[in-house]
Structures are given as structure tokens and as C-alpha cells.
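Protein chains: 2
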Amino acid sequence: MRDRSKVLKAAGFRWQGVEVREYKADGAPCKDVTRQTLLGEGEGEADLNFIPRYFEIQPGGYSTLERHRHPHAVVVIRGRGRVALGDHTYDLAPFDCVYVAPGAVHQFAASGGEPLGFLCMVDRVRDRPELVTRDP
Amino acid sequence: MRDRSKVLKAAGFRWQGVEVREYKADGAPCKDVTRQTLLGEGEGEADLNFIPRYFEIQPGGYSTLERHRHPHAVVVIRGRGRVALGDHTYDLAPFDCVYVAPGAVHQFAASGGEPLGFLCMVDRVRDRPELVTRDP
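As given, the protein sequences belong to chains B and D, one line each in that order. Going by my numbering, the residue at position 106 of the first sequence is 106; the numbering climbs one at a time, nothing skipped. Going by my numbering, the residue at position 132 of the second sequence is 132; the numbering climbs one at a time, nothing skipped.
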């Protein structure tokens, strides 16, 4: 069997051969979020049952407020921000680790002068997010 | 259902409530490697089908030379080093991403004056590593 192993060199939070995609949820408010899928989509990567992605949120930006049945494992690798997680909000700094349990409403936001960047691991096969509206 | 979400604050590549374990493989050569299992072992984390771990190798240290059927997804977050991956060796620096395909023989080593630290994601259910001896 051909060895599909590889190294993706990183430079400035971009990875060799990985596309930077604007993250948009249908009809849901989110602002200045990009996604890079590091592994799992390429040829020979079907053996990965989980997908590591890198999300980056520009200062003042935020991800959608959402929930789903699949959990998230998150590790911050750049910048500062906060995460709303259920009924709590937590400050985030590099290397903080976040577990978003099944069903937990969550939203990430960047604060300060540089982007908030984090790795977010999910199951390859997973349910679609349900968008949530905050009570006014 | 109780929300099991949480944030593990990081400080100096250690995480709140996460034990630092010396990594030892039975009878296999490895040197100065520690492992921290960030998520997946705690109460309420059984929903995670994959396990994010953080490995740290001290300068001059190295992990076992091994192979297994389950793949690894690795992201370097500290220091410099190299990985032997099949027939090739690659230099590693922060945020480089490594895909270790099923069956690929691999070994990580730290170079330079500071530890090499990397996140390594694996399936919760996986085969045991097979240790490999290099031909002299």
C-alpha cells in the first residue's frame, strides 16, 4: 500500500496546499471567520475518522451561535478571545483547550488586536449545526 | 442532560487538571517523552470518539519507532525537531501538521534547545503500536 503520510509546513497560520475558505452559515450571523481543513479531505486521508480544522476569527469577529449533537475538541493556537459555552463565558488565550459537549450552545469571538485562531476537531460523520437565537 | 462542556486553561504547556505522564513503551527505546491527555478520559467525555493528546519531548529525546493501523493527526505547537515518516525525514517547526497514514513507520525527535511539543489526535478505539527495529 502506498504510504500517504505527509507533512504540511506552516507559515503565518496558513498551511502548504490548504485552502483558506470563508466560513458562512446559511442565514446565520457570523463575522470574519475563515476555515482551513488541515487533514481528512485529501486523497488517502479517508482513514481519518475525525477532521482537524483551523478556524480564524478577525478582531471583532465571531462565529455562529449554534449547537449540535457532535462534540468539539478545541485548542487555541493564536490570539485572544472568548467562548460562550452554555450559560457561561470564558476568556481564551493560546493553548487553552475547550470541550464543547453534545448539545451545548456555543459561540467563539475574537478580542484584542489580533485574530483568534484555534484548532477544532470533529467527527468526520456528524450532524449539522442547529442555529440558535439569543433571547433579547 | 447536564452540560459537560469545559475550558482547560493552559500555562506553560500544562493544562488545568491534566496529569503529565511519562511516556514509556514496554521494552522499546524512547527518551524523555511525556504525554498529557487533554480530553476524552474525564467524566462526560465518552462522546468523544477521538482523543486529543499533547506530547512533549525534551531536547535530545525521541519517541518510539513504531507503526500501527490507526492514523495520527499531529500539529506541532512548541519547539523544533524532526519526524521520520516512512522513508523520509522532515524538519518540524511550530504549527507544522503531520499526517501519519496507517502502517507508516514513524518517530519524532526534539532538536535544539527547547522541548518539541505537539498535539496528536487518535481514534479512541485503536490498535496497539507495533515496535520497529531499524536495520543496522
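No lab work stands behind these hints: they were computed from the structure. Yeah, the Cβ is synthetic: ideal placement off N, Cα and C, and Gly gets one too. Do not rely on the hints blindly, as some may be mistaken.
What the hints assert, rightly or not - For each label pair, taking beta carbons as the anchor points, the in silico distance ranges come out as: (1) Gly60(B) with Val125(D): 22 to 28 Å; (2) Asp87(D) with His88(B): 48 to 54 Å; (3) Arg134(B) with Thr89(D): 46 to 52 Å; (4) Asp87(B) with Gly112(D): 27 to 33 Å; (5) Gly60(B) with Arg126(D): 20 to 26 Å; (6) Ala28(B) with Gly112(D): 42 to 48 Å; (7) Asp87(B) with Val20(D): 29 to 35 Å; (8) Arg134(D) with Thr133(B): 34 to 40 Å.
Between Gly60(B) and Val125(D), does the beta-carbon spacing fit 22 to 28 Å?
Given range 22 to 28 Å: violated, Cβ gap about 41 Å.
Taking the Cβ atom of Ala28(B) and the Cβ atom of Gly112(D), is their distance within the range 42 to 48 Å?
Holds, since Ala28(B) and Gly112(D) (Cβ atoms, about 44 Å apart) stay within the stated range.
Please test the hint of 27 to 33 Å on the beta carbon pair from Asp87(B) and Gly112(D).
Given range 27 to 33 Å: violated, Cβ gap about 44 Å.
Quick check on a hinted range of 46 to 52 Å for Arg134(B) and Thr89(D), using CB atoms only.
holds, 51 Å
Lying within 29 to 35 Å: is that true of the beta-carbon distance Asp87(B) to Val20(D)?
Given range 29 to 35 Å: holds, Cβ gap about 31 Å.
Take a look at whether the Cβ-Cβ distance between Arg134(D) and Thr133(B) falls inside 34 to 40 Å.
violated, 59 Å
48 to 54 Å was suggested as the range; check whether the CB atoms of Asp87(D) and His88(B) agree with it.
holds, 49 Å
A range of 20 to 26 Å was offered for this pair. Does it hold for the Cβ distance of Gly60(B) and Arg126(D)?
Distance hint for Gly60(B), Arg126(D) is violated at roughly 41 Å.
Checked against the numbered hints above, the structure violates hints 1, 4, 5, 8; every other hint is satisfied.
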